[in-house]
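Colleague: Sequence:
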Amino acid sequence: MPPFALRELKVFERVPPRGAWTLIRTDLTTLRMFLAVYNLRNLTKAAEREHIAPSAISKRLQDLEFELGTPLFYRHTRGVTPTPAGEVLAGHVYRLFDDVNLMSAELSEYASGVRGQVRIHAHTSAMVEFLPDDIASFVQAFPEVRVALREETSPNVLQSTLDGVADLGIFAGNLPVPPGLQVRPYRQDRLAAVLPANHAMGGRASVTFSEIRDSDHISLESGSSLQVLLARQADSQGFELNTRMEVTTFESALRMVDVGLGVAIVPEGVVRIYAGNLNVRAVPLENDWAVRELMVCVRDEEKLTATARLMLHHLLGEAAPRSCQKTKALLPNR
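For the sequence shown, our numbering assigns the number 631 to the initial residue and increments by one for each residue that follows.
Hints were generated in silico from the structure; no laboratory data involved. Fair warning: this is a prediction, and the values are worked out from it, not measured in the lab. The C-beta atom is built at its ideal place from N, Cα and C for all residues, glycine as well. No incorrect hints appear here.
Restraint ranges, calculated between C-beta atoms of paired labels, are given here: (1) Glu-916 to Arg-780: 29 to 35 Å; (2) Pro-762 to Arg-820: 17 to 23 Å; (3) Glu-931 to Asp-844: 42 to 48 Å; (4) Pro-806 to Pro-773: 33 to 39 Å; (5) Pro-806 to Glu-931: 17 to 23 Å; (6) Glu-881 to Tyr-724: 56 to 62 Å; (7) Pro-684 to Ala-778: 54 to 60 Å.
With the sequences and hints as input, model every part of the structure.
Modeller: Structure follows, in structure tokens:
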């Protein structure tokens with residue numbers, strides 16, 4: 631059954647100034663059969679094409695003529711020919727079907743996901759490293775989709791998705807996931823220690839977290855998933871981070887390292903994007919936990935809008951489900 635089955639069409643004929651309205655109640659099937667008879671000029675041939683008994687199509691036409699209060703065809707032994715009223719009705723019905731097909735096509739784009747809106751809340755690492763390219767390729771494929779993107783800390787991403795404020799959430803996988811969310815793996819990133827160019831460990835192939843424990847740290851705000859992870863790891867190793875200052879962006883953190891105010895731990899992808907003109911050295915952390923899983927969360931994948939489902943499958947590198955396809959026209963064109 632087509633997604634936009636139209637059971638009944640109400641056509642209003644305006645009557646001057648008394649304000650009354652004549653209601654014509656008919657259905658699109660009857661109008662389609664009227665066009666079949668109009669085009670073929672023969673009830674039997676029209677009935678064959680529409681897979682209906684000639685008596686049934688004749689009854690529909692008689693009812694339509696009764697509703698309209700005027701004959702639509704001249705009947706004769708060789709078939710039928712349209713009356714002037716039939717010619718007028720045919721023109722209107724063709725235009726009507728054109729409009730209904732256009733309506734169906736446009737609404738089908740919402741049903742299939744190729745038009746609409748998807749709301750994404752994501753933590754900073756995903757916003758900087760991966761989402762720009764992923765969203766750019768999605769919008770290129772589906773230019774009629776509006777993407778509402780908001781940067782949040784990972785805890786806020788989880789909460790906003792759970793509350794239904796976001797369709798999709800992307801967060802750092804080191805955080806506990808509250809009940810009521812479904813989670814899928816998205817990407818991985820690796821943490822690196824960003825050091826001033828003259829730092830003693832700047833030439834190393836890798837460092838451990840504990841080796842830079844005594845350095846002044848430029849940290850992101852305390853609620854971020856990265857700082858939660860670093861604080862947890864420091865606590866497990868029996869020390870506390872020496873945080874010299876907190877900043878709100880990775881770019882600011884790297885700039886502070888550049889002028890010698892301390893060291894920062896950030897994803898390697900962030901360094902590639904922001905550190906090009908800075909006099910810093912990025913050294914990978916060799917700790918196992920320094921490789922982070924980034925995750926996508928939704929409340930219920932089955933209940934996502936078609937547009938959000940398209941985006942989810944795009945982010946995960948999966949083919950779109952069959953339900954996310956355009957539908958064909960429902961009615962005959964001119």
